[in-house]
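From first to last, the protein sequence lines stand for chains A and B.
All the letters of the first sequence, read from the start, carry residue numbers 1 to 249 under the numbering used here.
All the letters of the second sequence, read from the start, carry residue numbers 250 to 412 under the numbering used here.
Just so you know, these hints were derived from the structure itself, not from any lab.
Any given hint might turn out to be false.
To give an idea of the chain A side of the interface with chain B (calculated C-beta under 7 Å), a few residues [as the list claims (entries may be wrong)]:
(1) 5
(2) 7
(3) 8
(4) 12
(5) 14
(6) 15
(7) 18
(8) 19
(9) 20
(10) 21
(11) 24
(12) 25
(13) 28
(14) 30
(15) 31
(16) 34
Ideal Cβ positions, reconstructed from N, Cα and C, are used throughout, including at glycine.
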Amino acid sequence: MQREIDMLERDLVQLASAMAYPSTPDIAGAVRGRLSRPLPAAPAPRWSLAGVGLAALIVAAAVVLGTAAPARDAVADLFHRINIFETAQSPVGLSRDITGTEVSLVDAQTEFRGGLKLPDYPARTSPERVLLQNYGTVKVAVLFFRLPDGRTYALFETNTSVGKGVPAFGKGIPASGATVESVSGLGDEAYWVQGLRITQYYDANGNVIPESVRATDVNTLLWSRSGFVYRIEGPLTREEAIAVALSLR
Amino acid sequence: MRRYQDAAFRAAYLVLHDAPEAEDAAQEAFVKAYRAIGRFREGPFRPWLLKIVMNESLNRAKSRKRRAAVAERAAAGVPQTWSIDETVISRERADQVRRALEALKEQERTIIYLRYFLMLSEQELALYLGCPAGTVKSRLHRSLGKLRDVVVEGYPGLLAEGA
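Pulled out of the complex, with its shape left as it was, chain B reads as follows (with noise of 0.2 Å):
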């Protein structure tokens, strides 16, 4: 399992932005998985543990929404800041690639961090989506295209030329 707490963590954390609620859910998902586990067939495990994750990260994300004491805390539902690297990204680019991630709707915002947060590969994501290798290309480039959206919309600066 330690094999996949990291992924699994991170995964809830990305969706969740607050540690402790992350852990929480993380480890609920396992727990889940288990008393799952005679559903699990053949194939890659992290897509089907992911999958668990991710559906208890964004139902605890729904119910916080709705507790009005952390609502307060959430504001829009984003962090006010992720940590990050700055030699690699800088903060104000960081901070509006986050902010149009977070206008993404959900099943949107799920597939990219799928992809370039948690690293699945295609076939982990035909997996995960339920759908054919083919399809998981035109679904990613489709929450793409809408991040670009969001992107031209409220933060052009981003495709600028030279950006």
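Okay, chain A solo, but in the shape it has when bound (with noise of 0.2 Å):
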């Protein structure tokens, strides 16, 4: 009976490697049409990039494993704003620190076109700092905002202008612990993540800005909706990021 089923698995593996699949044809870009059109329910950002196309913004979760996964090649692909990736650089050593130019909400206002969105939850207030990172052809405005009772939070704002649906932001998180939650109800998709890991920019062409390059383990909030990406990092409940990320305005 042996000899038989060794039989059959030559046959198998001669079958396989003479089969003449029809061309693959373009999945790839048929899926990322399929993903690209917003979501009806979606309002349209306020401000408008017209000529450029949707900014691919991806954040990457991952693990440190020694090596890059395949996984992270596929997910960036795939999910071109929002990205799990596995990455081998580990956070122990980064710097946490937020950079930025410091600038008044009115000059960030300016910079992103009047395209901010201020948060009403839990009332409607003012950052009490505003930070702009420049990279480029991805603008980051960093808005501080104290809760009524002390407590602080950062949210990320950014242009993504830069079209091709190429990376632009990563994170990576490793195996310390941290994890990944998918959420629902805010745009196209959106993540609750907490733990020790890493984060960083691309540019246009999906290579790091070291100059980006930070670890954090604060929770973190972060959705995508019609092609833009938002993030809440700060000692906050994953309820209240989604009620503060509810209320954007």
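Relying on the hints, combine the two individually framed chains into one complex.
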């Protein structure tokens, strides 16, 4: 019987190698087209970037495993806004500071063509500080808010005007207890991330911008809507962060 | 994604035997993978994705069988032929192996497709099946044993001396 099975295995190997499959169609392009269609319920962004393709903001969560796993490329390519990927890079020793140029809210709004959104939860307030991070075509406004109980959090908004669906931003998550949970009801996709991991931005060619790399272990809610990605970092619960996200106007 | 679209399309084609349907199934599987990415953790991506592709394709194959018009074309659910390189295996032999595969139960056929046609490693198969690596060997061997039974019954010439 084993001899017969060996013969069949040989036949299977030969048949598999002899198979002439039809040419693979452009599934990637078709799927991107489907995924890039805005959700009917999603409001259009207030700022306009006419002529610029929808940006691809990539957020990557990952395990420090030695080598970048194939999942990274697959997911980065497929889900070209928020991405979970594996990285060999350790966050240990990286700075955790959020850096940028201190600007007024008015200046930041001007830079973002009036498109910055502000939270109504728990009440409409102005940010205590605003930082502008300028990475060439990728600009990020970091708005720091204080809650009534004294806790502060940072709201990251980006123009993501890199176009061509290339990665713009990444976040790596090491194996040291970091977790990623999918969150529903916040636009195209959303994740609740906890634990120590890496944050980094990419240029339009998908290369990491070295000066953007930092570590964080702060609770983070990140989501994408209509091609734009938002992030809240701070000592908030998941429910509080979602409430803030839903209140952005 | 382009890195995996060949495997996804071929997996769907093996099940559906129809290029447009396989394309639709692979597309749908990628979209479902997108929506389920929160459930993807560490480890190889291919078995995770192929499981979604195979499930989508198998569901479509079942649905197709229920549709009278397509069922007529699909007849017994197998194509009249596969395109093959006859310098590697003869047409007659290839057709017999293919028909023997189609006579297997879905789970038996799927594991053979994954191992021999889509070249999943035993480790990847273990992830796909959700079982220990050691169990993969026995499940694969059991499926091959079933294939052997079908061949003995219907296509004994495949096992003849000198075949």
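Worksheet item: So which of the earlier hints does this model not fit?
Response: Structure breaks no hint.
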